[in-house]
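Residue numbers (my numbering), protein chains in the order written: chain A, 1 to 278; chain B, 279 to 565; chain C, 566 to 1032.
Note that these hints are calculated values from the structure, not bench results.
It is possible that part of the hints are untrue.
[Said to hold, decoys possible] DSSO-like cross-link-like pairs, simulated, lysine-lysine; straight-line CA separation at most 27 angstroms:
#1 C:Lys832 / B:Lys513
#2 A:Lys167 / B:Lys560
#3 C:Lys1009 / B:Lys426
#4 B:Lys335 / C:Lys821
#5 A:Lys130 / B:Lys325
#6 A:Lys49 / B:Lys560
#7 C:Lys611 / B:Lys418
#8 A:Lys39 / B:Lys285
#9 B:Lys496 / B:Lys560
#10 A:Lys167 / B:Lys413
#11 A:Lys130 / C:Lys913
#12 C:Lys776 / B:Lys426
#13 A:Lys49 / B:Lys418
#14 A:Lys106 / B:Lys560
#15 C:Lys776 / B:Lys413
#16 A:Lys130 / B:Lys559
#17 A:Lys6 / B:Lys374
#18 B:Lys559 / B:Lys285
#19 C:Lys776 / C:Lys700
#20 B:Lys413 / B:Lys426
#21 C:Lys839 / C:Lys776
#22 B:Lys418 / A:Lys130
#23 A:Lys6 / A:Lys104
#24 C:Lys839 / C:Lys772
#25 A:Lys265 / A:Lys8
#26 A:Lys106 / B:Lys418
#27 B:Lys513 / C:Lys700
#28 B:Lys418 / C:Lys772
#29 C:Lys791 / C:Lys647
#30 B:Lys413 / A:Lys193
#31 B:Lys374 / A:Lys193
#32 A:Lys39 / A:Lys49
#33 A:Lys130 / A:Lys167
#34 A:Lys104 / B:Lys559
#35 C:Lys647 / B:Lys513
#36 A:Lys106 / B:Lys325
#37 A:Lys39 / B:Lys413
#38 A:Lys222 / C:Lys647
#39 C:Lys821 / C:Lys1009
#40 B:Lys513 / C:Lys839
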Amino acid sequence: MTAKTKKKLLSFLFQLLAIAVGLLLIFPILYAISLSFMKAPEILTRDIKLLPDSIQWENYRKALQITTLGRYMINSVILAGVSSFIRVILASLSAFAFAFFEFKGKNFLFMLCMSTMMIPGDVVLVTNYKTVASLGLTDTYLGMMAVFLLSVLNIFMMRQYYLTFSKEIYEASRIDGCSNLRFYSRILLPLSKPVIATVYISSFVSIWNTYLWPMLVTNDDKLRTVQVGITMLNSADGSTIYGPIMAAAVMVLVPTVFVFVIFQKQIVGGMLSGSVKG
Amino acid sequence: MGKKFGKLEPYLYLTPALIYFTIFSFYPFIKTVLSSFFVLDANGVVKGFAGLDNYVKVLTDPLFIQSIFNTLLYVVLASPVAIIIALILALVANQKTRTSSIYETIFSLTMAMSMSVTAMIFKIMYNPNIGIINKLLQTKINWLNDSKYAMLSLSAISVWMNIGFNFLFLLAAIRGVPNELLESCLIDGATGFQRVRRVILPLISPTVFFLICNSLAKNVIMSGLPIILTQGGPKGSTTTMIYYMYKNAFNNMNYNYAYASAIITFLLTLVLMLISFSFEKKGVHYS
Amino acid sequence: MKRFLSVLTALAMLTVSMAGCGGSTASSSSSEAAGSSSAAVVDSGKRLSDTDVAIDFWHHMEGTSAVALENTVNNFNETVGKEYGIVVTPSFQGTNTAEKLKTLAQAEDWGNFPDVCQVASAGIPVIAGYDLLVKPEDMYAAGENIIVPREDILDNAARTFTYMDELCALPFSNSAILLYYNKDLFQQAGIETPPATIAEMVDAINKLTVKNGDEVETYGLEVQVKRYQLLNFLGGMGEYNFLGDNEGGRTGLMTKTTIGEDGSLMKFLDEWEKVIATGGYKAVEDNINEEFAMGMTAMAIMSSARIAKVDELTGGALNYGTAALPTVSADDKGGVAVGGSGVVIFNKGDELRQTAAWIFQQYLAGEDAQYTFCTGSGYIPINRKLYESERMQTFLAENEPMQAAATSMQNSNPNVQEPFDMVTGEIDTIIDTEMQNFAQGQDKQTTHDNIVNQINSKLAEYVEVNS
């Protein structure tokens, strides 16, 4: 065996192992997919049963029949897609201020912002509902987005990233007569693709998965989101009918995985070269 | 541009965020803080001044004291494990191979699952009689209904859900570490661990710090899993501080207990956060 | 950056335009419906106005029940709705509509209240406090537009939604607690009839339990005794038991529980101790439906609302029956409480809409709606006339598990009700914890005292700030 084939073989084994670990990790998801194809009596068994007897789409048919999942998906895509976009803009601006400027009260303002992360959502629910209702935003997309337009987590993350950004480039661009805003838009943002991608993905997913707020501020069935759709498949008494729910859960997972695949390329492609690092 | 503008500039960039937080976080929260010093009825209407009464009542409620310990236990069980596993996965995924984009996606996928669906899947996997976990482990453990295991079971779900999130951020961070450094440290297996500690960790410390703060805050104010799976039981063993608040506010319409407990939780998180930040200067390397 | 900005603008515009369309969907769809139907229908003389009156109906039905509810509403829109010129738009509002109403009420956002809303019975005292509530009590007294007479509604179902002697809601989706038993396992054990008392149940458990060494393979009985189960056992003792003062919170705030002083709790624990002693009793519900459906438990005690679920789980393959909840002693004849939800209507300042809501509210409790909805969902009808009809009798004859539920509900004393105990969640936790401890060997007196004292102290706390 030459050194080259040995290396190839090792790399092959490494990849195999990585994928195996990955599959083990997402076992609950795979199990959910498997359940979505099972008939009810198949799920109920005293033996270990990992795979359905046959692929049957009955559960998917049922899920789509009981809910208008397609419509809900459009709502959720708008809600999560647009809110996450606004989040990236607002968060990067604030992080820019926190990372590149020295000003009075900086630490205080930063901790003040951080404190929003420690406030439980249930505590502010009623007051926020009141605010949104008094603005006449119930039953609108804007109302659904209202509480998701900014998260201090995103500011924090971007600040962390900007702090590792070389100060020399910033100084140099300032000397070249580049204004701060220009530096932000022309240099900083393009070089922040990996962090923008991670912030976008993470906020998309977390908004995609919210349930209570979008339901509270909308009354119309046409404005329901996917998570509400999944709840609709429960049966009376809150007990679970696994098949259709898992089918819906799998369908709902597809758009998020899609977002993942698209934005993950950015994380891979947007690697910083050593020179940018200080 | 004048010098005055230069001084004002950073505030300008912060204005949208501060206005937003004022409307949707500070204003409602300050209202809550003020309310916590009053007696409120089931409709949230003020009935009289309470002073510190609500706080005294909550702090002398054995269930709330238990919930503080439960919450801390949950944080200790859930936060570090999720970060460590994610770090290992990120190191694995950083090595670019032909299939790396596949397992990158797989590793981060757990974050795509919503809490309610995840809870449902784990509920059937945890079932002592028909659940797959006991079948595979050949055990007879009642994962969710035995007070010895219930909190452990919930934190396992939380670890699972957070691995994807942590992985994603760590991968982005490690990808930012110069390649030469990494390759040399991975090939040299004997001192691999040391190099991870000495080379990679300092370089990704800002992200790790972010993840620690994030998971502290998220886990201290966690309530979703007990709401869906255990209703705080068995025997109060999964009553977290915010579940305690939730139960009082939504099930019992007891806003006196609810608000006081929420603010105590806030203060606890704040303390943990301040402790974390006091390590920032020492442990986090930004350049 | 330019591209960045243009994408942002495009997205922002999209949001605004979608927001506009979102906001107007409700009104546009209902006005469309209004336009088409008013053109098609000849004036029946009953029409409320020239144009159709559109009303919203909030509900919390899920799965197959949601489908049954949609069908019921569609039937209304096509029949009675057409006659009166009413168009109802149903919408799902999460698993607990009362919680959403509560949030709206606290935010004083009365404008977003629906015309008609399905609410769980426990929410009645709070909702009775809303100025907007229009009580069927008053509507029946006024005597206008009555399409379902009050007498048609089962007395006990009506009392479930009665607070301070006033009927606040009309029953709609109701259920009763039942004993489910596996007929095959009963036959194997040589038991002919389901147990009628706890003592008989103990005998049955002993015969039904299958052990493999120390491990139980088939449990005789599975039930986790929480508030719902315990209060049903106690409520039916003797003629009836109010369980708390002020008729269990129905004629005033419930300030204490009476199950300690009247000895009913102790009597129950005496019997239950024997159930625990069998060793074939599973005191923790993991997935009770599934375990019963798999034949891992021979008997289970749960709400009749789960009949449909058990059928769905097994594809109708399980040979099982239902029976009335076993009584604590042989001479108890109170029966069980009516569970589930009713329908309330709100006055939104428009008399036509209020009238429309009143007609729809009655329709839901009427014969046709109850037949369509209950046969499609597994809830138990609350309309007396419907039980006399042939279609219902045929249905019950063909659906044996439903028959026992219907009988149990019809035979129960109206005074047997779940109390309006306000701190329901706390009481549930207290009973659950103590009964678990009891099953694990905690002595009877401690269990008894803990349940009574803790409930009373929680009630006292509530009364202190709410009276």
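Against the structure, the hints come out as follows:
1. C:Lys832 / B:Lys513: holds (24 angstroms)
2. A:Lys167 / B:Lys560: holds (20 angstroms)
3. C:Lys1009 / B:Lys426: holds (24 angstroms)
4. B:Lys335 / C:Lys821: Roughly 20 angstroms between the alpha carbons, so the hint for B:Lys335 and C:Lys821 holds.
5. A:Lys130 / B:Lys325: holds (21 angstroms)
6. A:Lys49 / B:Lys560: It is violated: about 52 angstroms lies between the C-alpha atoms, which goes past 27 angstroms.
7. C:Lys611 / B:Lys418: Not satisfied, since the Cα-Cα distance of roughly 66 angstroms exceeds 27 angstroms.
8. A:Lys39 / B:Lys285: violated (67 angstroms)
9. B:Lys496 / B:Lys560: At roughly 24 angstroms apart (the allowed maximum being 27 angstroms), B:Lys560 and B:Lys496 satisfy the hint.
10. A:Lys167 / B:Lys413: Given pair A:Lys167, B:Lys413 is violated - Cα atoms ~57 angstroms apart, limit 27 angstroms.
11. A:Lys130 / C:Lys913: holds (19 angstroms)
12. C:Lys776 / B:Lys426: Holds, at about 25 angstroms.
13. A:Lys49 / B:Lys418: holds (18 angstroms)
14. A:Lys106 / B:Lys560: Distance ~19 angstroms between A:Lys106 and B:Lys560 Cα, so the pair holds.
15. C:Lys776 / B:Lys413: holds (19 angstroms)
16. A:Lys130 / B:Lys559: Given that 27 angstroms is the threshold and the Cα spacing comes to 41 angstroms, the pair is violated.
17. A:Lys6 / B:Lys374: holds (17 angstroms)
18. B:Lys559 / B:Lys285: holds (25 angstroms)
19. C:Lys776 / C:Lys700: violated (55 angstroms)
20. B:Lys413 / B:Lys426: holds (20 angstroms)
21. C:Lys839 / C:Lys776: holds (18 angstroms)
22. B:Lys418 / A:Lys130: The given pair, whose Cα atoms are some 49 angstroms apart, is violated under the 27 angstroms limit.
23. A:Lys6 / A:Lys104: Not satisfied, since the Cα-Cα distance of roughly 60 angstroms exceeds 27 angstroms.
24. C:Lys839 / C:Lys772: holds (14 angstroms)
25. A:Lys265 / A:Lys8: Satisfied, since the Cα-Cα distance of roughly 25 angstroms is no more than 27 angstroms.
26. A:Lys106 / B:Lys418: violated (55 angstroms)
27. B:Lys513 / C:Lys700: Violated, at roughly 40 angstroms.
28. B:Lys418 / C:Lys772: It holds: about 24 angstroms lies between the C-alpha atoms, which stays within 27 angstroms.
29. C:Lys791 / C:Lys647: violated (45 angstroms)
30. B:Lys413 / A:Lys193: Measuring from Cα to Cα gives roughly 45 angstroms; hence the hint is violated.
31. B:Lys374 / A:Lys193: holds (19 angstroms)
32. A:Lys39 / A:Lys49: The hint holds at about 12 angstroms.
33. A:Lys130 / A:Lys167: Measuring from Cα to Cα gives roughly 44 angstroms; hence the hint is violated.
34. A:Lys104 / B:Lys559: Roughly 19 angstroms separates the two Cα atoms, so the pair holds.
35. C:Lys647 / B:Lys513: With a Cα-Cα distance of about 54 angstroms, the restraint between C:Lys647 and B:Lys513 is violated, given a limit of 27 angstroms.
36. A:Lys106 / B:Lys325: Answer violated: A:Lys106 to B:Lys325 is near 40 angstroms, above 27 angstroms.
37. A:Lys39 / B:Lys413: Satisfied, since the Cα-Cα distance of roughly 20 angstroms is no more than 27 angstroms.
38. A:Lys222 / C:Lys647: holds (24 angstroms)
39. C:Lys821 / C:Lys1009: holds (21 angstroms)
40. B:Lys513 / C:Lys839: holds (23 angstroms)
Going through the hint list in order, the structure does not satisfy hints 6, 7, 8, 10, 16, 19, 22, 23, 26, 27, 29, 30, 33, 35, 36.
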